[in-house]
Amino acid sequence: MSAALFSTAWQMARLEMQTFLSWRLNLGLQVLGMLARVYFVSAVWTAVYAGRAEVDGVPLETLIAYLTLANIHVWVIYPQTLDVLPPRIRSGAIALDLARPIGLLPQLVARSVGGIAGLTAIVIGLLPIAFLVGSLRWPASAEAGALYLVSVVLAYAITLAIGIVLGLIAFWTLETNGIGLLYYFVNLFFAGALVPLWAMPDWVQKIAELLPFQTQAYLPISIYFGRLAGTEALRALGIQAVWLALMWSLAVLVWRRAIHRVVVQGG
Amino acid sequence: MTASPIIRVRDLVKEFRTPRRAPGVSGALRTLFTREQNVVRAVDGISFDIAQGELVGYLGRNGAGKSTTIKMLTGILVPTSGEVVVSGRVPWRARERNALDIGVVFGQRSYLWWDLPLIDSFELIRRMYRMDAATYRRELDRVVELLELDELLGTPVRQLSLGQRMRGDLAAAIVYRPRVLYLDEPTVGVDVLAKERIRAFIAETNRSEGTTVVLTTHDLRDVERLCRRLILIERGTVLFDGRIDELRSRYAVGRQMVVDVVEGQGALDLPGVDEVRREGSRVWLTVYPDLEEIVRRIFVEHTGSRA
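Protein chains in written order, with this note's numbering: chain A, 1 to 267; chain B, 1 to 307.
It should be emphasised that the hints constitute simulated quantities derived from the structure, not laboratory data. Incorrect hints may have been included.
[As the list claims (entries may be wrong)] If you anchor each label on the Cβ, the simulated ranges turn out as follows:
1) A:Leu210 / B:Leu32: 24 to 32 Å
2) A:Trp172 / B:Gly24: 19 to 27 Å
3) A:Gly238 / B:Thr31: 44 to 52 Å
4) B:Leu32 / A:Val153: 21 to 29 Å
5) A:Tyr39 / B:Phe33: 44 to 52 Å
6) A:Arg256 / B:Pro19: 17 to 25 Å
7) B:Arg61 / A:Leu210: 49 to 57 Å
8) B:Arg158 / A:Phe6: 34 to 42 Å
9) B:Phe33 / A:Ser2: 46 to 54 Å
[Said to hold, decoys possible] Sample of chain A residues at the chain B side, in silico, Cβ under 7 Å:
10) Leu96
11) Leu98
12) Gly103
13) Pro106
Backbone N, C-alpha and C fix where the C-beta goes; we use that ideal spot for every residue, glycine too.
Start from the sequences and build out the full structure, keeping to the hints where you can.
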C-alpha cells in the first residue's frame, strides 16, 4: 500500500516538475522578476544606509545578503496548492481526482513537491547570480548550514499545509484569488522579505512572532547567518515543528469537512 | 438478475443547496449579504440493481440526474439519503478502496496530463493502480492496439484532437482492468468513425473481460449498439428500467412485415426487428421505430403529463 502510494506520488511529482519546466517563457519571466526584486530591495536599503557602515549594529552587507536569501525563500516556498486546487474545483476536474485510489491530500502534496523540485533546480542554477547581484554569502558555519537545511524543509512543509488549507476553502467559495493575494502581501511582509524582523518596531515584531510566516524566511535565514545559533537555533526549529503540527492538523480537519461539501461543477 | 448484484442502489437522494441569486449587479450585491438558499433535488429516490458483467445504458435528458448518480456510484459525492453498495462497499466511505476496482470516464473532462506526452499519464496510472510491469506491458499493448493510439503515445495531450483525447482517457480508465466501468458521455463531440471505434472497444471489453459497464449518453445509437438493458430517468426518478426489447414492445407500435428470404438464411439479427414466425423462406417480422424515436416519445409524454 504505502509502496504504491510512494511510487505514485513520486511519478506525480515528476510529472508536475516536467510540466513546470516545460514552460520556458513563464520560467524566464519569473526568474527575471525575482532578480529584479533582489536588485531593487538591495538598492533601497543601500540608500537607507546612506553611506553608514551599519545601523543598529547590522552591517549593510549582512542586511543585503539576508534580503537576497529571504526573497529567494518567498519565491520558492509558496503555497503551490493555491495554483492547483481551486481551478480544479471550479472546473469540476476535481471529480476525477476524487475517483482515484490515492487520497486527495497525498495527491496535492505530490504535485507541490514536484513543483518545488522544479523551482529548486532553477534556483540552484541561479545561485551564482544571486551571489553577484545580491551579494549572497555562505552560511555562518557548517553547523549553521546543516541546521538551515533542516529548517528549510520544515518551512516548506508548513507552507505546503497552509496552501492546502487555503486551497480547500475553494470547496466552499469556488475561488480563492482574494485569499491568494491577501496571503501574498501578508506573507511578504511578515516573513521578513521586505524588512527583516529585527528592524521592525517592537509591537510589529511581536505580531510577526505570533504568525506562521516567520517560519518561512526569517527563522531559517537567521539560522543560516548565525544570528540564531546553538539553543536559539534549536528553539527556532521547535517553533517550526509546532507550526507544522498545527497546520497539518488543520489541513486534515478542513479536508474532512470539505468531503461533505463536494459539489462537482459543470454537471 | 443474479442473487447478489455488483451495484445495488436503494432510494437514493441527492440534494444540492445553492445560494439564491438575484439577477443583475444589484442582485449580485444583495446575494453577498443574504443566506437564502435554493434546495435542488437532483436525484429523488432512485433504486436499481446491476449484475456483474451487465452493460447498462443510463439515459435521461440534460439535468435529469445521470451524472449525479454516477458520481455517487463512484464515491465522489456523498448521498443526501438512501443506499449505494458497489462490490459490497459503500463507495464514499471506502472511496480509495472502491477506486481501485472502478474505471471512470467523464466525456467532458480529462484525467490526462495536459502538457505532457500521453504515455506519461499511463505510467502514472500503472503506479496508482499497482500494476506489475508485465501485466502493464500486456494491457497497454492491448488497449493501444484496440484504440489505435500507437502513434499518439509521444504527443502532448493538449495537441490531441477531441476524439483522440477521448480514446486516451478511455484507455487510461481501462488499462488496469477495473471490474466496473462508468462512462459518462464517452462519445460526446466525437466524429462518426471515432465513435464506432469507441463503441467497439467498450463492447469488446465487456465481452472478453466481463467488465460491468454503466453508460450514460445522449446518442441512442451508442445504446442500440451496446446495451441490452436501459434505465431511463427523468427529474431524478426512474421512468423505465428493463430490456430494450421490452421498452419497444411496451411503448412503441411495431409494423408487421412479411419478407421472403433466400433459402437457408439464418435468423435476422437486426436492432428493432423481431422475428415472429417463419415458414420455409417466408418470414413474419415486427419492425419498431428506432430507439431515439421511442425514447423521445416517452420524454414528451412524461413531460406533457406533468405540465
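Hints, verified against the model:
1. A:Leu210 / B:Leu32: 24 to 32 Å: Holds - the Cβ-Cβ distance for Leu210 (chain A) and Leu32 (chain B), about 31 Å, lies within 24 to 32 Å.
2. A:Trp172 / B:Gly24: 19 to 27 Å: holds, 24 Å
3. A:Gly238 / B:Thr31: 44 to 52 Å: Holds, since Gly238 (chain A) and Thr31 (chain B) (Cβ atoms, about 46 Å apart) stay within the stated range.
4. B:Leu32 / A:Val153: 21 to 29 Å: For Val153 (chain A) against Leu32 (chain B), whose Cβ atoms are near 41 Å apart, the range 21 to 29 Å is violated.
5. A:Tyr39 / B:Phe33: 44 to 52 Å: holds, 45 Å
6. A:Arg256 / B:Pro19: 17 to 25 Å: Because 23 Å falls inside the window, the suggested range holds.
7. B:Arg61 / A:Leu210: 49 to 57 Å: holds, 56 Å
8. B:Arg158 / A:Phe6: 34 to 42 Å: Violated: the Cβ-Cβ distance is about 29 Å, outside 34 to 42 Å.
9. B:Phe33 / A:Ser2: 46 to 54 Å: Holds, since Phe33 (chain B) and Ser2 (chain A) (Cβ atoms, about 48 Å apart) stay within the stated range.
10. Leu96: Since the shortest Cβ distance to chain B is 4 Å, the answer is holds.
11. Leu98: Check passed: Cβ of Leu98 (chain A) comes within 5 Å of chain B, closer than 7 Å.
12. Gly103: holds, 6 Å
13. Pro106: Violated - the Cβ of Pro106 (chain A) stays beyond 7 Å from chain B, reaching only about 10 Å at its closest.
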